[in-house]
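Chain Y is already provided as a structure; the job is to place chain A on it using the hints.
Heads up: the protein sequence lines correspond to chains Y and A, in order.
Read in the numbering used here, the first sequence has 272 at position 272, and its numbers run on one by one without any break.
Read in the numbering used here, the second sequence has 1202 at position 202, and its numbers run on one by one without any break.
Keep in mind that the hints were calculated from the coordinates and are not lab data.
Errors might be hidden in some of the hints.
According to the in silico footprint, chain Y covers these stretches of chain A (three or more CB under 8 Å from chain Y) [said to hold, decoys possible]:
hint : region
1    : 1038–1051
2    : 1111–1124
3    : 1189–1203
4    : 1213–1221
5    : 1235–1243
Incomplete in silico selection of chain Y near chain A, CB under 10 Å [unchecked claim]:
hint : residue
6    : ASP112
7    : THR159
8    : THR160
9    : SER161
10   : THR199
11   : ALA200
12   : LEU207
13   : SER239
14   : ILE292
From the three backbone atoms N, C-alpha and C, an ideal C-beta is built for every residue, glycine too.
Number of protein chains: 2
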Amino acid sequence: MIGVDWGTSNFRAFRLASDGSIVGRRSSARGILQVEPGGFAEALENEIGEWLSEGEEHVLLCGMVGSRQGWVEAEYLACPAGADELAAAVVGVPFDRAEVRLVPGMKSRDADGVPEVMRGEETQVAGLLDTCSDDALLCLPGTHSKWVRLHGGKVAGFTTSMTGEVYRALRKHTILGRSMVAGDVDREAFLHGVERAATAGGLLHHLFGVRTLGLMDELRAEASAGYLSGLLIGHEVGSEMPKGAQVHLVGDEALCSLYRIAIEACGGSATIEDEDAAARGLTVVARRMGWI
Amino acid sequence: MIGVDWGTSNFRAFRLASDGSIVGRRSSARGILQVEPGGFAEALENEIGEWLSEGEEHVLLCGMVGSRQGWVEAEYLACPAGADELAAAVVGVPFDRAEVRLVPGMKSRDADGVPEVMRGEETQVAGLLDTCSDDALLCLPGTHSKWVRLHGGKVAGFTTSMTGEVYRALRKHTILGRSMVAGDVDREAFLHGVERAATAGGLLHHLFGVRTLGLMDELRAEASAGYLSGLLIGHEVGSEMPKGAQVHLVGDEALCSLYRIAIEACGGSATIEDEDAAARGLTVVARRMGWI
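Pulled out of the complex, with its shape left as it was, chain Y reads as follows (with noise of 0.2 Å):
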């Protein structure tokens, strides 16, 4: 079979044996927002036409693609819900070489009654909800971080921090990308920006530091970036944690490792989990479909 993580930016997909291990890769910059309405069929079948000219029939996608935007909208699932529940509401797609389903995004609401959504992540956890403990707490950062809570081997509920988006709009929108160079994050400015977070105000008060650290020359401006980037997973895992968590990172190595440091800073413990995450999951939702 072939699974597809279908993202905003983003299109990646495996070939995968019976048995779950992934025998081929595509991947292209050919997200849902660079595919045109009506044209979902078209790009599909430019991206992995000749695996199925090898006889694959089965194609199991996940991510925006179900969203309003993407091809077909699937409801949200709601939570709890786990890897059977993912597989009985699985959305057909029409599509003429094989048979296409789509595994819907997962809904619920935070404390305050406030809604909750994700696409895509729901798929990256169902992949680890056999190998997780039973109440695990998983993090996916990126431009919406996700923390999801598991009990029972389903997701019990979630949050999201807009951690990765509002960065980057800081960066490239505000004073505070003045001063900034492009480089690698510097681990210890990232490390003084999570300390920092930690202290007495708040993040838009924080926020201020990295122009007046830089106007009185106590922080360079190739680490300024870094100091910025800590100072916002910072506050994300202050928020977002309770004390002396275990956490599961699930994502992006390199951005898996800064949030392994943040963790570690505010009295958790952290793994990083392997990056095929997305194939996992669609290997797990696929059998219990009976496709492999």
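Just chain A, lined up with the frame of chain Y:
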């Protein structure tokens, strides 16, 4: 004499009688970013030349015109400092047709030792030193909101929150702005945002609710910008205001009235000072200089 509050985006001049009353006003969008290096004398002449022709001989400037990007850079004055210290530290500015001086900004350190700076707000505050109680708390909301602590007739210290600039960056350059429509701030939605800011979870999490509430039809597009504003100002007030404080609000009246709603919702009380704080402060400093 003539007092000028010359900021990043705006130029505001006041013609002041010896009793401090305002007998003339001029303002334009000729902030320092609209003035070429070397063009400040000409810009000032264009704005207030008429008053100079009528015999005015003294001009006192405050604001970002004293920054590195301005006309003449004035070093920040360290807190604690009051009107006497400001008057003693004014900086001379070369200008043919009148005697021109510039009020310096102030610097401080927050509880964590991180630097704080302001330019222009110190003059607005100077105008209130005589009328406020001995231990007063002032808030000057805006792009970079200032919370200023007075003690013994001086500025004891202050902190900055980047609330206004973050609001604009989020509204213009993140997914949150996509669903927003222009118009007046919806006061009910603003208050909901303030109340949400006081609940569990951090700002980065609360921000995502602007999107999900809209997605689930629980927040109207017309109310979305007000809710975001309430979230940000609620977080600022929650972090910066000591419990039950009495706050003097200084600045744009519409913005001050939103801050008053947030301050009262957070258990404090607020009075809105009149909008001519800069003119009053320039008078107070000029009096110490023997100009009036």
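Structure-based check of all given hints:
no., hint, result
1, 1038–1051, "violated (count 0)"
2, 1111–1124, "holds (count 6)"
3, 1189–1203, "holds (count 6)"
4, 1213–1221, "holds (count 4)"
5, 1235–1243, "holds (count 5)"
6, ASP112, "holds (5 Å)"
7, THR159, "holds (6 Å)"
8, THR160, "holds (4 Å)"
9, SER161, "holds (4 Å)"
10, THR199, "holds (5 Å)"
11, ALA200, "holds (5 Å)"
12, LEU207, "holds (5 Å)"
13, SER239, "holds (3 Å)"
14, ILE292, "violated (33 Å)"
Violated hints, in rising order: 1, 14; the structure is consistent with all others.
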